[in-house]
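Could you use the hints to bring the two separately framed chains together as a complex?
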Amino acid sequence: MADYNTMEMMIVAAARELEDGATVAVGTGAPCAAAMLAQKTTSPNLVILFEAGGVNPRLPEMPISVGDSRTTWEAVKAGSMNDIMETCARGMVDYTFLGGAQIDKYGNLNSTAIGDHDNPKVRLPGSGGANDFASFCWRTMVITPQDSRRFVEKVDYITTPGWLEGGESRAESGLPLGTGPYRIITNMALMGFDEETKRMKVLSLNPGYSRKDVQDNCGFELLWADDLGETLPPGKEELAILRDQIDPFRYVIGRG
Amino acid sequence: MEDLEVLKTGQGQVFADPDPDKARAFFRGKTRRMDNKLMPLKEAVAEFVKDGDYLVVGGFGANRTPMAAVHEIVRQGRKKMAFAGHTSTHDMQVLCAGEVFDRLDVAYVVGLEARGLSYCSRKYLEDRKTVVNEDTNYGLALRFQAAAMGVPFIPVRNVMGTDTFQYGCGKEIRCPFTGKKLVIKPAIYPDISIIHVHESDVYGNCRFKGITVSDLDVAKASKRVIITAERIIPTEDIRRDPSQTLIPFYLVDAVCEVPFGAYPGNMPYEYFSDEEHLREWMTVERDPELFKAFLQKNIYSCADHGEYIAKNGGEARKLALRRQELLIKGRNQ
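As you go down the protein sequences, you meet chains F and L in turn. So for the first sequence, this note's numbering puts the first residue at 1; every next one is plus one. So for the second sequence, this note's numbering puts the first residue at 1; every next one is plus one.
Be aware that one or more of the hints could be misleading.
[Said to hold, decoys possible] Taking lysine-lysine pairs in the DSS-like style, the calculated list, with each CA pair at most 30 Å apart, reads:
(1) L:79 <-> F:121
(2) F:77 <-> L:318
(3) L:171 <-> F:154
(4) L:220 <-> F:77
(5) F:121 <-> L:223
(6) L:123 <-> F:121
(7) F:154 <-> L:30
(8) L:220 <-> L:30
(9) L:171 <-> F:77
[What the hints assert, rightly or not] Not the full set, but computed from the structure, chain F residues with beta-carbon under 7 Å of chain L:
(10) 125
(11) 132
(12) 175
Don't read these hints as lab results, they were simulated from the structure. Using N, Cα and C, we set each Cβ at its ideal position, and we do this for glycine too.
Bound-form chain L, shown alone (with noise of 0.2 Å):
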């Protein structure tokens, strides 16, 4: 069988760089101790965002997706940041609201499917204000992998012969084993990424519920991470029943209590997304004045998520999510 050999090279850029020992360097670094890692959301982007970071969130399009943390990044003005858009919906057109990427690793952006385009995100790209290297969800998912796997590249066997490649920053390779043509992409270590689940402990065991998506490999692949939970439970509870958790502590950087983390998003079990509220941002995202009042209402005058979410209906509001996740009506409805 013949050597391994780079037939084709895409002309898309690596934003995080692939190689495995500088990434051993950092984590050699990284504390393992058990220590108790709770604190408020704003310390915790204060202290682990940093401007020109690599960044991730968890969850798929708005599904447990950290909004109260990308609302938060947004507030205190980061920039410059490289962000994976690995079917990135409403948290793609708030970072956008708040300008703070400049590089984009896109396999599903611009859009919120099934609800349509976001103007927003639409114009962020046209008016060319990032970079764009093109990839796909399984590709993108695929890199985290390889960087959990601490190698710096993965094989796959797709985009082969689209543009999806020629815009990507993959390299298409013969496979030395078979004689098949293969593609393979660049690890991607993020810098820090952002996870929202049902239930941690205060050192960063975590537990949540229905798809995980990317997020077991997210987190294991990034240098930092923060936690944002619906509730903080007892250790005892984690070691009661350890089969339950999918992100152990040594990975956690910061573990945040925000109940409604997610909203207006969708959070498995919990509470449903607010559409209505995600119909008024897709509409008052076409116009520059009324846009600029309501992220000013919205997200920069807000203390917190709580602020915001009390600005949106509230409990009434939280109430009525909660009964729509779980289908449940009411006698007359």
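Isolated chain F (complex conformation) (with noise of 0.2 Å):
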């Protein structure tokens, strides 16, 4: 038995996409756990932001809103969302993590409607910062379980755009040149995605996890990596860490 839950195994996944210096634009829960085990590890000077207007806190504990007081605790700066989204829109963020209810094989994200948008089945909250992070942010992951029912064909509405409908659209759309879905990052694999077509890609499986149950759990055709390997547990350090430091009260790892 592993000695650890999948939310653990995502959350460590995320971190290590982090590199020392870079910028990410985060929101609550797994994304911002990930952010936190990586400054505390791998990357002391990533600098977190978040876009209410929260500028490198030093986070004393887990946000409940990305616009409340501990986003800003011991912070560098207490700015409006538009000083986060235009710094974004002026291309100094370079990660994003977002998550939705539906995802496609070109990474665009549904966190609208299930259903008919005018008469849903169910209604989400909609895009709030995400539309404009995956717009802005030069390379946007997803840390999201998986299943078929959320890795689909088709989203039922895209919310946040991932390589649109594949190949060349997106940068045909007249969003920002460059940008564009990177990483997914599920309890069962890491991904990313084609370079010509922009479909998703398994890179690794995660420990314990086969391709047929990949594949089984995904609701499209799923490209696989000459050099598939294995993603690397997560290490004693990084649990003991995430456990004791960033999540003491398991809201996050406890949903693993």
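In structure tokens form, the structure reads like this:
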């Protein structure tokens, strides 16, 4: 039996993508935990930005809202939403982490409605800052559990742009050049995107999961890296920091 | 370079007139006098918040949100308003409970961020009690900024290729300078906005701490502004350090002293959000009978926000939330 759960695996995998000195725009929950873990391990100079205005806080605990007091605790600036979004729009924010109720093979995300937009089966919150971040930040990453209801051939509604219809469609759309989905981090695998087709491609399998598990829990056909590897499991130190310092009350890792 | 051309048009609706000359005509008639505007919140809402108005509340999520004013709007039974859902969480939940609005600009609604989804807000949209226009957080912030600038629209490089564009009220154009595709969005000149601050003088010169979100643009863009303040301070304090003034008096129509006015939300450096009480909201709202009694107890039967807080823990709760905000713990905690 593994001595970590799936949420811990995802947070650790996400943290490892954030290099020292980079900027990352995050929300609450797993993305924030991943950014905090990166700061406390490999990337002490990672700059965390919150869309409501918080810049580079020393987060004392997990925020409940991306605008609550914790997002400016010992921060270097308590600014405005435009301060943050303009910084993204000018090209100074490297990463963002997003989620959604549905994702398709091009990394397009739905967080608006299940079913018809004007008569939804389930109404969800909408874009918030997600569309903004995915449009402007250089690399978009998604942390999400994987199942075939979530990973679908076509999302009911594109809230947030991935590679749109694949190929050159994003570059032609008018969205800032050179931006787009980069990594999809699930409980089962780490994925990227094929350079030409922009289709989702499995880069490594998480320990304990097979190719069949990953494909069976995905509603579209996945591509596979030639050098398909195994994701490194969380290390003892990463787990200790995550459990003792970042999320002692298990608000996020308790969901794994 | 080619002329500006419209390539695509979203199918969403515009709920506030973006015409800057109509806005200017209104602002021409707005008083510039440094008058004493201190009044009870009940009077301010009665005088300045009208049925049918486009309403914006300041803050972000349940942070520095003027909840006392939101309760007062529900208590006075305002209807058919338009509302800006620019990450509106608990405020949205309360306005849905009061069935206050029927036109909604959506950036983020229905959820309470890490706390989960509000059944009451979700049902309000699923039952189609409001028309919805889709936008994004930055999109709405820019639409207020356009109004603050006195222009009818503003360009942005998001939403292209998505349904957020398709179900929004923007237009895709080709930039006459670079040939690149851009989306333009119409300005929002709100009829009324309400902003909660730490300190204001009686004229409406305001200071607040923490993130400003979109509030400075919202205050400039709005035809009428109500300020609720934790404390009223002497104007001499303002004049001694004018660099701290974030909202000047000439934008403001009413000033109301409302300590704990963001409760049960978070007020930076003052008090943390009452998570227990917010959970109660999210539990009770699933049962129509319980919810009705809950609203009666917490909104309709309350004379003011003080009574609401008194019913939910009063002074002891306030003290605990102050300590929680500052991460202060007792020796056995």
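Task: 30 Å Cα cutoff - pair residue 121 of chain F, residue 223 of chain L - done: violated (37 Å)
Task: Restraint status (C-alpha distance of residue 79 of chain L to residue 121 of chain F at most 30 Å) - done: holds (26 Å)
TODO: Verify the interface restraint on residue 175 of chain F: the C-beta must sit less than 7 Å from at least one C-beta of chain L.
DONE: Since the shortest Cβ distance to chain L is 5 Å, the answer is holds.
Task: Restraint check for residue 171 of chain L with residue 154 of chain F, where alpha carbons must lie at most 30 Å apart - done: Holds. Residue 171 of chain L to residue 154 of chain F sits at ~25 Å (cutoff 30 Å).
Open item on the list: Less than 7 Å between beta-carbons is the criterion; does residue 125 of chain F satisfy it with respect to chain L?
Closed with: Cβ of residue 125 of chain F sits 4 Å from chain L, so the hint holds.
Open item on the list: Would the hint on residue 132 of chain F be counted as holding, given a Cβ-Cβ threshold of 7 Å to chain L?
Closed with: holds (4 Å)
TODO: Would you check the hint for residue 220 of chain L and residue 77 of chain F, treating anything up to 30 Å between C-alpha atoms as holding?
DONE: Holds. Residue 220 of chain L to residue 77 of chain F sits at ~23 Å (cutoff 30 Å).
- [ ] For the pair supplied as a hint, residue 171 of chain L and residue 77 of chain F, confirm whether the alpha-carbon distance does not exceed 30 Å.
- [x] Between residue 171 of chain L and residue 77 of chain F the Cα gap is close to 34 Å, so the pair fails against 30 Å, i.e. violated.
- [ ] Mind checking the alpha carbons of residue 220 of chain L and residue 30 of chain L for me, to see if they're no more than 30 Å apart?
- [x] holds (12 Å)
Task: Holds or violated: residue 154 of chain F to residue 30 of chain L, with C-alpha atoms at most 30 Å apart - done: violated (51 Å)
Open item on the list: Holds or violated: residue 123 of chain L and residue 121 of chain F, Cα atoms, limit 30 Å.
Closed with: holds (10 Å)
TODO: Take a quick look at whether residue 77 of chain F and residue 318 of chain L sit within 30 Å of each other, Cα to Cα.
DONE: holds (27 Å)
When the structure is compared with the earlier hints, violations turn up for hints 5, 7 and 9 and for no others.
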